[in-house]
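Colleague: With the hints as constraints, model all of the structure from the sequences given.
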Amino acid sequence: MKYLSEYRNLEATKNYLDLIAKKVTQPWKIMEICGGQTHGLVRNGILDLLPPEVQMIHGPGCPVCVTPLSLIDKAIELLEQGVIVCSFGDMIRVPGSKKSLLEAKADGGDLRILYSPLEAVNIAKNNPEKEVVFFAVGFETTAPANALSVLHAQKEGVKNYSILVSHVLVPPAMEAILDDEFCDLDAFLGAGHVCAIMGFEEYHPLAEKYEIPIIITGFEPLDLVHGIYMAVCQLEEGKKMVENQYARAVKEEGNISAKKVIHQVFEVGNREWRGIGEIPNSGYKVREEFVAFDAETKFNIENIKVPESSECIAGEILRGIKKPKQCPAFGKACNPSSPLGAPMVSSEGACAAYYHFSNNEI
Amino acid sequence: MIEYSTINLGHGSGGLMTRDLLDEIIFKAFSNPYLDKKHDGSIVKIDGEIAISTDSFVISPIFFKGGNIGELAVNGTVNDVAMCGAQPQYLSLAFIVEEGMKVVDFLKVVNSIKETADTCGVQIITGDTKVVERGKGDQIFINTTGFGKVHPKGHIAADNIKIGDKIIVNGYIAQHGMAIMSQREGLQFESTIESDSTNLNFLANDLIEKFGKNIHLYRDATRGGLAAVLTEIASDINCGVTIRENDLPLDTQVAAACEILGLDPLYVANEGVFIAIVDAAVADEVVAMMQKDAKGQNAVCIGEITSEHPKKVVMTSGIGGKRVVSPMIGEQLPRIC
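Line order of the protein sequences matches chains A and B. Just add 724 to wherever you are in the first sequence, counting from 1, and you've got this note's numbering. Just add 32 to wherever you are in the second sequence, counting from 1, and you've got this note's numbering.
Since the hints were made in silico from the structure, they are not lab data. Mixed in with the good hints there might be a few duds.
So these bits of chain A aren't anywhere near chain B, every CB distance computed over 12 Å [to be verified]:
1. T749
2. D772
3. E853
4. D908
5. E926
6. Y934
7. E961
8. K975
9. K983
10. G1001
11. N1005
12. A1077
Only part of the chain B face toward chain A is listed, based on derived beta-carbon distances under 7 Å [as the list claims (entries may be wrong)]:
13. K181
14. K185
15. L280
16. S349
17. G350
18. I351
19. G352
20. G353
21. S358
22. I361
Predicted model only: the values in this text are computed from it and were never measured. Backbone N, C-alpha and C fix where the C-beta goes; we use that ideal spot for every residue, glycine too.
Modeller: Here you go:
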């Protein structure tokens, strides 16, 4: 199987689009949780190929977008203290309360863009006189690698390494969205990569409690239209269960060894979501026995708090209540060169996806 | 005899050390009747219209798979002159060297410049060397300016573009950017991807010789990739640009690397890729002629100029959907997951 070409096959994708059009009899609102899926839908022009009855609502699954402003300010504070801060690429342009990490770098901060937190441990080893912090942002997907970097540093006796954690979890966010009084969703496309790590056992009680179909879905065009088709079938047939479209990557129980590493280093705790606020038990924090690797404690930056911008409606975008184009600032006061909020920065952010690929009607 | 192993501030002082560096390295490498006069500048003769282009090169790392900063500094400017429909003849060459650069590395760069200039058929006729304190440069920065005679049969200008014109690209895209990316700190991944850095002047001139004014526009797709040139062209004309994702020439290894790193190949830099916007009547012949040339073996028509969606680039995705291709804002940022 060629994963790049066959899941982007024109005929197969058209076939599912036809099946969706034949099956659908009434309007349905389906939320794709993951920003990667939003990106895939917009980039491939799928939204315009769906029948008008099927409306896709973009979910909160962009890790950059939900990272609270205060965390960015904390990372900037570390840069200003002379710490080497390592980060994934799309975090660096997100505005903090005064500036972004990229601007802090221009002001002299030592910021490194990495693909792997293990690389940050190497930087710490090579710079023993400096402190090195990895900005551990992300959903469950990136948690195993971040946890592993801590275990790695501990094993190697690297004492100048720590992580600034902003890990968030998908199921509590789905529950928060469903509990919202404005929520009128009919189905979810579950985040395929998150489930590749965590499995989907946790989703059965959600589907049951809220009587909503959840289709664990991949990211390629064929995955997306297949997942949407499965959701439409359930909705039209009155079913409300968890199904796995992304079976080539996701098992019911997930990746057991990855989960073990996560639970060794992290425990579940309350987390603040940008634009949404604090959600109970919705993120990871570093366990007590690894506190030496927790940058917030190590550098005493726990108390940095900042209010969110009043102009940005990221909260409503992330909860699927509004679409980017309904924001008065979209494409005007807020654009990728001077973003007001994170969804305009990350390539997975709904606002950026709309701006880049469909900023004006074709 | 070169008796030092690193370049220091003295080599930029203008004194004996500077003269020694010039005599032992620069004049030796680039010797030609113009440069040998060792004057402040050179006097040359070019008939007819002249195309001039300048560019600065600040790449890191300076040595990469498939090339180095020296080769890039020649090819980059030569190609910019060629994209004006001219045959480059002369180059100026200015170095800003960081104190502490190894002489062996400097020599490698200089020799590569000489070799590339010979391949391109251009002479280095004037130059400058400055040395800056350690920490104030990144080993070496190079600026080159190219001069060339405009081909009398050609007329390259965005004004020539008309509805129905075909957009042809000479070969695989995104090679250079991904080769550099694979060697940057923190992003290293195993690959055999090489930079596509090459000179396009002979191919570009041959096409004008054969097709004359039917070649409406040339642009080389360097920084910002194919997306940058196409969106710039679209904004300059009153028509729209359409391209087809499935027709973009992309090496499978580069496609896979872009996929892993979450980058869009349309925005990744090239150093040996250009687009030709040509009259539809000659498009097939242009593609066929390019394919016979080593620099255009993978040439293909990727789209056309249309009356629809003026000033916008729209790409038909592999599955038949449509999306607007927008200009890139800053650098492409690697994604979290």
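Colleague: Confirm or reject each hint.
Modeller: How the hints compare with the structure:
Look at T749(A): its CB is around 24 Å from the nearest CB on chain B, clear of 12 Å, so calling it non-interface holds up. Annotated as non-interface, D772(A) brings its C-beta within 12 Å of a C-beta of chain B; the closest such distance is 6 Å. The Cβ of E853(A) lies farther than 12 Å from every Cβ of chain B, with a closest approach of about 17 Å, so its non-interface assignment holds. Annotated as non-interface, D908(A) keeps its C-beta farther than 12 Å from every C-beta of chain B; the closest such distance is 26 Å.
Annotated as non-interface, E926(A) keeps its C-beta farther than 12 Å from every C-beta of chain B; the closest such distance is 19 Å. Every Cβ of chain B is farther than 12 Å from the Cβ of Y934(A); the closest lies at roughly 26 Å, confirming the non-interface assignment. The beta carbon of E961(A) sits about 26 Å from the closest Cβ of chain B, which is more than 12 Å, so the claim that it is off the interface holds. In this structure K975(A) is separated from chain B by more than 12 Å, as the shortest Cβ-Cβ distance comes to about 18 Å.
At roughly 16 Å from the closest C-beta of chain B, the C-beta of K983(A) stays outside 12 Å, upholding its exclusion from the interface. A cut-off of 12 Å between C-beta atoms confirms that G1001(A) is not in contact with chain B; the least separation is 22 Å. No beta-carbon of chain B is positioned within 12 Å of the beta-carbon of N1005(A); the least distance is around 22 Å. Interface exclusion of A1077(A) from chain B breaks down, the closest Cβ pair being 10 Å apart, not more than 12 Å.
Contact between K181(B) and chain A, as hinted, is not supported at the beta carbon level, the nearest pair being about 40 Å apart and thus beyond 7 Å. Evaluation of the K185(B) hint against chain A yields a violated restraint, the C-beta minimum of about 38 Å exceeding 7 Å. Taking 7 Å as the C-beta cut-off, the interface hint given for L280(B) is violated, the closest approach to chain A being about 13 Å. About 4 Å separates the beta-carbon of S349(B) from the nearest beta-carbon of chain A, less than 7 Å, and the hint is met.
Proximity of G350(B) to chain A holds as hinted, the smallest CB-CB distance being about 5 Å (cut-off 7 Å). Given the 7 Å rule on beta carbons, the hint for I351(B) holds: about 4 Å separates it from the nearest Cβ of chain A. The beta carbon of G352(B) is positioned within 7 Å of a beta carbon in chain A (closest approach about 6 Å), and the interface hint is therefore held. Because the smallest distance between the Cβ of G353(B) and any Cβ of chain A comes to about 2 Å, under 7 Å, the interface hint for this residue holds.
Interface hint status for S358(B): upheld, as the beta-carbon distance to the closest one in chain A is roughly 5 Å, under 7 Å. At its closest, the beta carbon of I361(B) sits 4 Å from a beta carbon of chain A; the interface hint therefore holds under the 7 Å criterion.
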